[in-house]
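> Take the given structure of chain Y and dock chain A to it, following the hints.
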Amino acid sequence: MDCDGVHKSMEMWLDEEMDPTSRGEFSAHIDACGPCRERVHGEARLERTIRGRMPRERMSDDAWVRITRRLEREAKPRRWGILLGLGAATAASLLFAASWWSWWSLHKPDLEQAAIEVQKRIARGQTKLAVTTNSADEVEKFLYDNLGMAIDLQNALSGKVGCHDVKFLGAAVVSMGDVECACLSYNCCGEPVTVVLVPTEKMDHFPEMQRVIAEGKSRLTDRVRSTQIEVRAQKGWVACVVGDHPIADLASVFEKT
Amino acid sequence: MPSGGPSRQETFVRLLEEHRDALYRFAMTILWDKNGAEDAVQDAAIAAYRGFDRFTIGTNFKAWIFRYLVNTILNLNKKAKRSLEVALSPVEEAGLESPERKQVYFELLRDPSALLDQVSDPVKRAVLELTHAQRIVFLLRSIEEFSYKEIATMLGSPIGTVMSHLSRARGRLRDKLSEYVAEEGIARRKQG
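Those sequence lines, one after another, are chains Y and A.
Residues in the first sequence are numbered consecutively from 602, following my numbering.
Residues in the second sequence are numbered consecutively from 23, following my numbering.
It should be emphasised that the hints constitute simulated quantities derived from the structure, not laboratory data.
Idealized CB from N, CA, C, for every residue including glycine.
Each hint should be verified, as a subset may be incorrect.
If you want the footprint, here are the derived chain A segments under chain Y, 3+ residues with CB under 8 Å [as the list claims (entries may be wrong)]:
| # | stretch |
| --- | --- |
| 1 | 30-40 |
| 2 | 62-75 |
| 3 | 184-191 |
Looking at chain Y on its own, in the form it has when it is part of the complex:
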């Protein structure tokens, strides 16, 4: 091996990557050649110096603890994976069933059931009232602006619900299938009451409800009262009232105004 060969293969020599034959030739040359020996030893010195001066960062104990904890969590699914999988599947099924029931309650052609569901959703905060106010005037304005419903609530409810303490909470427009309905919410002697009003012309969407009205009795619960009402502008509405405070005569509440 000559000087040029030494220079070219110096890195492999320093990295101890030369095959034994080449290494022997390399060693023989630098033993005999002073400048090459000086250069090679200098390169080795510099390499050692660089290595000794490299940053010596150490991983913090906090980081190490985080990693081991993460590994612990990683190990757990192997042991409990099947149980967790079954649990997750069961939870997902229940969630799906609940969601489906909630959706179906609002979309199936049963106004009473849907009205009960609306009240539950308002109580849970899932259905927000579009207008929240204690003013009957504001609720009336909302109903007129959004649904064209002209109703004199103050006059309609006054003294006719078996309670003199009626406090409006607000109103909203709720969709039941393709039908847009009015929703009123108020407290009657401290008890929450929800009224869902459906345009009479849309009642063919709720055949079960027509039977209930004809019989004058809810098939679900005493909490629900329904009746057909007439309001101003000659537009008919069916009111379905859900509440713990019974309304003695619903027809008289929503009488023609």
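Chain A in isolation, oriented as in the chain Y frame:
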């Protein structure tokens, strides 16, 4: 290969702990970001743990776990990944471009410690001048002392490609160290 949850995890953690500082130092020197380095080591450890069934106890765990760390870092830096897939042409006295710089370099070779002592943080500064790809091959070889073959396996590149990048990295590092020493000499002469 150990079987069962706890013994498998304990074995892995015991092996990992032996190399925790080396892994962190490597990630830190490349990314130069404490949180990034910790995250890279954690991600590599999790990925390696998931593949631990394929590791043969008694073989080189350090090379095996470094492969995951290198992959994690290269996935963060696609440019470095692409760069390491391409072999570089050899360069004559890599990096030492001018005769003056070459002269300083030969002085540096005679007594590196004495000259570098006069410069502030020369090695750290020079390493930071390397590209991520250069830093990776340099650190794997010169600091962690992996063989060319082990590095080639980690990077999925031919040995020749690894050698070409290593040569460039060393050349640039030496050039930068010579530059700092030369600048320090000029500064001293001006003071004198």
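> Now tell me if each hint is right for this structure.
Status of the hints after comparison with the structure:
| no. | hint | result |
| --- | --- | --- |
| 1 | 30-40 | holds (count 6) |
| 2 | 62-75 | holds (count 6) |
| 3 | 184-191 | holds (count 3) |
Comparing the model with each earlier hint shows no violations; every hint is respected.
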